[in-house]
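Peer 1: Next come the chains, spelled out residue by residue.
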Amino acid sequence: MNTPEKRYWLDKSGNVNRLVYGLYALCTVLILLDFLYHKHTNFPFENWFGFFAWFGFIACVALVLLAKQMRKIVKRNEEYYGDH
Amino acid sequence: MITNLNPALILVLGPLLIPVLKGNVRTVYTLLLPVLSFVQLYTLPAGSHAEVEVFDLTLMTLHMDRLSFMFAVIFHIAAFIATVYSLHLRDSLQQAIGLVYAGCALGVVLAGDLVTLFIYWEAAAVSSVFLIWARRTPSSYRAGMRYLIIQVISGFLLLAGIILHARAGGSIEFTRLDLNSPGGLLIFLAFGIKCAFPLLHSWLVDAYPEATETGTVVLSAFTTKMAVYALATAFPGTEILIWIGLIMTAFPIFYAVIENDLRRVLTYSMINQLGFMVVGVGIGTELALNGTAAHAFADILFKGLLFMSMGAVLLRTGKINGSDLGGLYKSMPYTTGFCIIGAASISAFPLFSAFVTKSMIMEAAAHEGLTLAWLVMLFASAGVFHHAGIKIPFFAFFAHDSGIRCKEAPVSMLIAMALAAAVSMCIGIFPQTLYALLPYQTEYEPFTFTHVITQLQLLLFSALAFTWLLRQGIYPPELHSVNIDADWLYRKPGAWLARQTLKSVASGEKGIFISIKKLSFEAAARLHRHHGPQGLLAKTWPTGSMVLWVAFLLGVYLIFYYLY
Chain S
1 MNTPEKRYWL DKSGNVNRLV YGLYALCTVL ILLDFLYHKH TNFPFENWFG
51 FFAWFGFIAC VALVLLAKQM RKIVKRNEEY YGDH
Chain C
1001 MITNLNPALI LVLGPLLIPV LKGNVRTVYT LLLPVLSFVQ LYTLPAGSHA
1051 EVEVFDLTLM TLHMDRLSFM FAVIFHIAAF IATVYSLHLR DSLQQAIGLV
1101 YAGCALGVVL AGDLVTLFIY WEAAAVSSVF LIWARRTPSS YRAGMRYLII
1151 QVISGFLLLA GIILHARAGG SIEFTRLDLN SPGGLLIFLA FGIKCAFPLL
1201 HSWLVDAYPE ATETGTVVLS AFTTKMAVYA LATAFPGTEI LIWIGLIMTA
1251 FPIFYAVIEN DLRRVLTYSM INQLGFMVVG VGIGTELALN GTAAHAFADI
1301 LFKGLLFMSM GAVLLRTGKI NGSDLGGLYK SMPYTTGFCI IGAASISAFP
1351 LFSAFVTKSM IMEAAAHEGL TLAWLVMLFA SAGVFHHAGI KIPFFAFFAH
1401 DSGIRCKEAP VSMLIAMALA AAVSMCIGIF PQTLYALLPY QTEYEPFTFT
1451 HVITQLQLLL FSALAFTWLL RQGIYPPELH SVNIDADWLY RKPGAWLARQ
1501 TLKSVASGEK GIFISIKKLS FEAAARLHRH HGPQGLLAKT WPTGSMVLWV
1551 AFLLGVYLIF YYLY
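Protein sequences appear in the order of chains S and C.
Using this note's numbering, read the first sequence as starting at 1 and increasing by one per residue.
Using this note's numbering, read the second sequence as starting at 1001 and increasing by one per residue.
By construction, these hints were calculated from the structure, which means they are not laboratory data.
Built from N, CA and C at the ideal position, the CB exists for glycine as well.
Keep in mind that a hint or two might mislead.
To be verified - With a straight-line cut-off of 16 angstroms between C-alpha atoms, the simulated EDC-like cross-links for lysine to aspartate or glutamate are:
(1) 1492/C <-> 79/S
(2) 1022/C <-> 1091/C
(3) 75/S <-> 1487/C
(4) 72/S <-> 1485/C
(5) 1330/C <-> 79/S
(6) 12/S <-> 1408/C
(7) 75/S <-> 1485/C
(8) 1330/C <-> 1239/C
(9) 1319/C <-> 1408/C
(10) 1319/C <-> 1443/C
(11) 6/S <-> 1401/C
(12) 1330/C <-> 11/S
(13) 1330/C <-> 1286/C
(14) 1319/C <-> 78/S
(15) 39/S <-> 1363/C
(16) 1492/C <-> 78/S
Unchecked claim - A few chain C residues facing chain S, derived, Cβ under 8 angstroms:
(17) 1003
(18) 1379
(19) 1382
Make a model of the complete structure from these sequences and hints.
Peer 2: Dropping the structure here:
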């Protein structure tokens, strides 16, 4: 390239780290909020400490790990159907 | 406006003029059609109109209640936005067909009787396939054929079901049907195919990503949502729909995580969102049906928005696989922004649309004490953020920089995306505007402190899981691959069986085929001549074999008609 390309804020790995730390901080605040208010819930288990937080985390990790295993069964090369 | 004129006719017949118009006149005329149709819809009174006598049948071609009005409104918004999105095209056929197809879907939701429903149902199937073929690639041609065959089968089941239902003494009025009668069951299956029930879903993930940039946007709005409307009208409170819907919310997200084609990821997430709506129909309480209608409304907008952003990426880069993209936020900042709004909407962030719609279905499940259903939907809610909310924008616009530098999307596309984003956010911020359209009067308040905080916990910890998995290198990389799904059954063993049968018959193999040979030798030999030395009926899907299949289905229709 003749002209040096504009450098974006996200191009610096330090800034990406900042975003990630920001996410950690937000998550910490959100889970601690569970101490501070009274939940209006339909099921008793919703009142467990941080139920929605750890449910979301575990659900997504399980989803990805299972999907990775699924690849062993369902993954084929792109020409499998002879369509492409 | 004109008394008793079905607005669907404006959209079905109006576009016939589009191909002969040129330049700005064509643009204005194309944009005006959905507006005119909407005005006509708005001035129609509730109830049944436009009676037509055909043979000894009285058809109610136009029936309006609160549910059909709500679907008709969102179909108009979708048709208008999709038209704006396609204004850059010189291919006027696509614009015209898109509107005709929208008109057919409108005809379905406004149909007062089953025969009218069937006619629009079939017309929607036939018109929509041109949006797939318009891509003009061999693979889109074949995918379109597979799509059309399955759509025609849905129409066949619907007609067979209607005939059985009518012969059993039922009226042809389109209202609540009985799943335990043979006619009701066939109609249920016909709806199920279009609604992408598990194992009947593969046409959707197979064909939609093969359509054009604009075609997929149009397709995503109508077929599946008119099926949701049909289910909500005919089978509310049918318990099995809860279980069907739950499977639909859960299984596609696993595929979505490992799928590389980002538009195909979105089709899996379509099934996931349809699952919530189907669960709502299955629960069948007023709150649940309100939730289904509201979520269908919101989904058309945010799914359209996501497909529009991916369509813009495909148009500008020629690529749509996650493994080939990345870093596009530098070239397409506005598209990136609109995609993120769509992602936040589908993920149900507070102040975005699904937060005020999907939650009604979950709340209804909780009110009925359906603990397992609620937990599966909570899992699917976390999963949808993971695969649609994060994966789509992340791999297209961020992730590693692919080095692709392209132009921003055309202005018309940006305007369409801005419209969808604006309406979507309007629903999220002022839910009462949407709630006013709902079929039933219910009290539901989405913005409680508990709801906001618990939802943010669910979503941000899902994001935390994504970040952690990515940084640990556990997250599965985007790979060039296909993942086999239910369509494998007819694309591999089904095709093989068809080829073998034909081969055996045509070459006159001895053994069990001898009697078949005697009966069908002449017909088979003719086929053999027309389809090359190996009789590649299923392998290449030539137009001739399509005609054959249609003729076969028509024959079955006739036999059915005489039997019953």
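Peer 1: Would the hint linking residue 12/S and residue 1408/C be met if the CA-CA limit is 16 angstroms?
Peer 2: Status violated; Cα separation ~23 angstroms.
Peer 1: Assess, step by step, whether the Cα of residue 1319/C is no farther than 16 angstroms from the Cα of residue 1408/C, and give holds or violated.
Peer 2: 15 angstroms, holds
Peer 1: Take the shortest C-beta to C-beta distance between residue 1003/C and chain S; is it under 8 angstroms?
Peer 2: 48 angstroms, violated
Peer 1: Between residue 1330/C and residue 11/S, does the CA-CA distance stay at or below 16 angstroms?
Peer 2: 10 angstroms, holds
Peer 1: Take the C-alpha atoms of residue 1330/C and residue 1286/C, compute the straight-line distance between them, and say whether it is at most 16 angstroms.
Peer 2: With Cα atoms ~46 angstroms apart, residue 1330/C and residue 1286/C exceed 16 angstroms; violated.
Peer 1: For residue 72/S and residue 1485/C, compute the direct alpha-carbon distance and say whether it is at most 16 angstroms.
Peer 2: Holds. Residue 72/S to residue 1485/C sits at ~13 angstroms (cutoff 16 angstroms).
Peer 1: Taking 16 angstroms as the top limit, are the C-alpha atoms of residue 1492/C and residue 79/S close enough?
Peer 2: Holds. Residue 1492/C to residue 79/S sits at ~13 angstroms (cutoff 16 angstroms).
Peer 1: Assess, step by step, whether the Cα of residue 75/S is no farther than 16 angstroms from the Cα of residue 1485/C, and give holds or violated.
Peer 2: With a Cα-Cα distance of about 10 angstroms, the restraint between residue 75/S and residue 1485/C holds, given a limit of 16 angstroms.
Peer 1: Is it true that the CA of residue 1330/C sits at most 16 angstroms from the CA of residue 79/S?
Peer 2: 32 angstroms, violated
Peer 1: Need the status of pair residue 1492/C, residue 78/S: alpha-carbon distance at most 16 angstroms?
Peer 2: 15 angstroms, holds
Peer 1: Hey, residue 1330/C versus residue 1239/C, does the alpha-carbon distance stay inside 16 angstroms?
Peer 2: 49 angstroms, violated
Peer 1: Assess, step by step, whether the Cα of residue 39/S is no farther than 16 angstroms from the Cα of residue 1363/C, and give holds or violated.
Peer 2: 15 angstroms, holds
Taken one by one, the earlier hints fail for this structure at numbers 5, 6, 8, 10, 13 and 17, listed in ascending order.
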